[in-house]
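Colleague: Chain by chain, the residues run as shown.
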Amino acid sequence: DTEVTQTPKHLVMGMTNKKSLKCEQHMGHRAMYWYKQKAKKPPELMFVYSYEKLSINESVPSRFSPECPNSSLLNLHLHALQPEDSALYLCASSQGQTFQETQYFGPGTRLLVL
Amino acid sequence: GDSVTQMEGPVTLSEEAFLTINCTYTATGYPSLFWYVQYPGEGLQLLLKATKADDKGSNKGFEATYRKETTSFHLEKGSVQVSDSAVYFCALKPNAGGTSYGKLTFGQGTILTVHP
Numbered sequence: 001d002t003e004v005t006q007t008p009k010h011l012v013m014g015m016t017n018k019k020s021l022k023c024e025q026h027m028g029h030r031a032m033y034w035y036k037q038k039a040k041k042p043p044e045l046m047f048v049y050s051y052e053k054l055s056i057n058e059s060v061p062s063r064f065s066p067e068c069p070n071s072s073l074l075n076l077h078l079h080a081l082q083p084e085d086s087a088l089y090l091c092a093s094s095q096g097q098t099f100q101e102t103q104y105f106g107p108g109t110r111l112l113v114l
Numbered sequence: 001g002d003s004v005t006q007m008e009g010p011v012t013l014s015e016e017a018f019l020t021i022n023c024t025y026t027a028t029g030y031p032s033l034f035w036y037v038q039y040p041g042e043g044l045q046l047l048l049k050a051t052k053a054d055d056k057g058s059n060k061g062f063e064a065t066y067r068k069e070t071t072s073f074h075l076e077k078g079s080v081q082v083s084d085s086a087v088y089f090c091a092l093k094p095n096a097g098g099t100s101y102g103k104l105t106f107g108q109g110t111i112l113t114v115h116p
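Residue numbers (our numbering), protein chains in the order written: chain V, 1 to 114; chain G, 1 to 116.
Next comes chain G alone, as it looks inside the complex (with noise of 0.2 Å):
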């Protein structure tokens, strides 16, 4: 079945610097690819999101690129802050019918702290 592993947490970083959280997946052709962030004490909000190989998504200087031939979509961000502190999730949502459709697979979540 369809699966997404993420790099476990926490993850502690000091403010200003390069950030990156790793997710891989495993499904069947080509879905769609996601990073939610969850704040403390919130709901899910959608960071980013691909749709097909070699897509780039980006919000708020957080970037991610559909790598077909790695099956990877690592979140990236060049300079961090404390209120980047928050659990970011990684998922797929594949395009082939069956008892998946429509839904949405995620990774563990990682936690993420940012010192001042």
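So here's chain V without its partners, still in its complex pose (with noise of 0.2 Å):
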């Protein structure tokens, strides 16, 4: 089984909403990934955690604030966004972040921000 589960499907949220998304996997991995994803774009990477801490930032604004509550689970809390943060938010896992290791996609959240 190599499924990532992401929820919601589908947000639609105010500049002044706070609102979050939600990552699962149960394939006992330990890296997990957030990535935006604009219309035909490449995914840019935005947090990585490994063994349940932050590893990577990618300078992202602080309206994004990312969290690990367990191995299994990956939060990313939203918070006065801005339209152009409109976007295909995906999540990721592999077993580790060496270079053979697999990066594995959940479906996505689709975002718009109004």
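Treat the hints as calculated values from the structure; they're not laboratory data.
Wrong hints could be hidden among the right ones.
Below, in silico cross-link-like pairs of lysine-lysine (DSBU-like), each with a Cα-Cα straight-line distance of 30 Å or less [as the list claims (entries may be wrong)]:
| hint | chain 1 | residue 1 | chain 2 | residue 2 |
| --- | --- | --- | --- | --- |
| 1 | G | Lys103 | V | Lys41 |
| 2 | G | Lys103 | G | Lys77 |
| 3 | V | Lys41 | G | Lys77 |
| 4 | V | Lys19 | G | Lys60 |
| 5 | V | Lys18 | G | Lys103 |
| 6 | V | Lys40 | G | Lys60 |
| 7 | V | Lys18 | V | Lys53 |
On the chain V side, residues computed to face chain G include the following (Cβ under 8 Å) [said to hold, decoys possible]:
| hint | residue |
| --- | --- |
| 8 | Met27 |
| 9 | Met46 |
| 10 | Ser86 |
| 11 | Ala87 |
| 12 | Gln103 |
| 13 | Leu112 |
Note that this is a predicted model, so its numbers are computed, not measured.
All C-beta atoms in this analysis are idealised placements derived from N, C-alpha and C, irrespective of residue type, glycine included.
Join the two chains into one complex using the hints; note that each chain is given alone, in its own frame.
Modeller: Next up, the structure:
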């Protein structure tokens, strides 16, 4: 089973709202990732968690706040977003971060900021 | 830094045609190479991968061979179907440490449309 699940599938929020995206995997993977993907572009890495600790933050604005409550769950808390933050948000996981290990992606949450 | 260059699309083919999507890379050392596919409205799915020179990855009729001498990982399929219509991303993951450790570097993606 190589499934990564994400909820919600779609999200519409205003610029003053607070919302959260959720990602879950039960493959025993110890690395988890958040990506942002704009239309017709490749995914852009936002954050990496390794063994439940934040290991990479790609200079993402503080209105995006990641959280890894346990080894199976990854959240992305959203607050005071801008319309340009509208995108597909993808979660991924891998056994570890070595070069041979495959990242498995979830189906994404399509976010629209009004 | 590391980079991946894919042939520009979109690519439009008739069903049963031969497919090639070119991918070349620049990286230090010997990275792992991946092809991901993204169907409309979905996330990315791993299509195939290769972790060392001369390895051939294959899946669902797609193949790609890791060519170190030409730093390439071209995707091929002998006979495409309408259901293969999607966006294809070539990607690499470096085997060196430093700031790129553990990160996937993607190409720009190639849109493939297959007509009946």
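Colleague: Against each hint, give a clear statement of whether it holds in the structure.
Modeller: Structure-based check of each hint:
1. Proposed proximity of G:Lys103 and V:Lys41 is supported: the alpha carbons are some 17 Å apart, at most 30 Å.
2. Distance hint between G:Lys103 and G:Lys77 is fulfilled; the C-alpha atoms sit about 28 Å from each other, no more than 30 Å.
3. Taken as a hint, the V:Lys41 and G:Lys77 pair is honoured in the structure, with Cα atoms around 23 Å apart against an allowance of 30 Å.
4. Among the hinted pairs, V:Lys19 with G:Lys60 is inconsistent with the structure: their alpha-carbon atoms are about 38 Å apart, more than 30 Å.
5. At roughly 29 Å between alpha-carbon atoms, V:Lys18 and G:Lys103 fall within 30 Å of each other, so this suggested pair holds.
6. Of the supplied pair hints, the one linking V:Lys40 and G:Lys60 holds, its CA atoms being roughly 24 Å apart against a limit of 30 Å.
7. With a CA separation close to 23 Å, the supplied pair V:Lys18 and V:Lys53 stays within the 30 Å bound.
8. Interface hint at V:Met27: violated, since its Cβ lies 13 Å from the closest Cβ of chain G, which is beyond the 8 Å cut-off.
9. Here the hint on V:Met46 is broken, as its CB sits about 11 Å from the closest CB of chain G, past 8 Å.
10. At about 15 Å, the closest approach between the beta carbon of V:Ser86 and any beta carbon in chain G exceeds 8 Å, and the interface hint on this residue is violated.
11. Because the closest C-beta pair between V:Ala87 and chain G is about 13 Å apart, greater than 8 Å, the hint is violated.
12. Taken as an interface hint, V:Gln103 checks out: its beta carbon lies about 6 Å from the nearest beta carbon of chain G, inside 8 Å.
13. Because the closest C-beta pair between V:Leu112 and chain G is about 14 Å apart, greater than 8 Å, the hint is violated.
The structure does not agree with the numbered hints 4, 8, 9, 10, 11, 13 stated previously, though it agrees with the rest.
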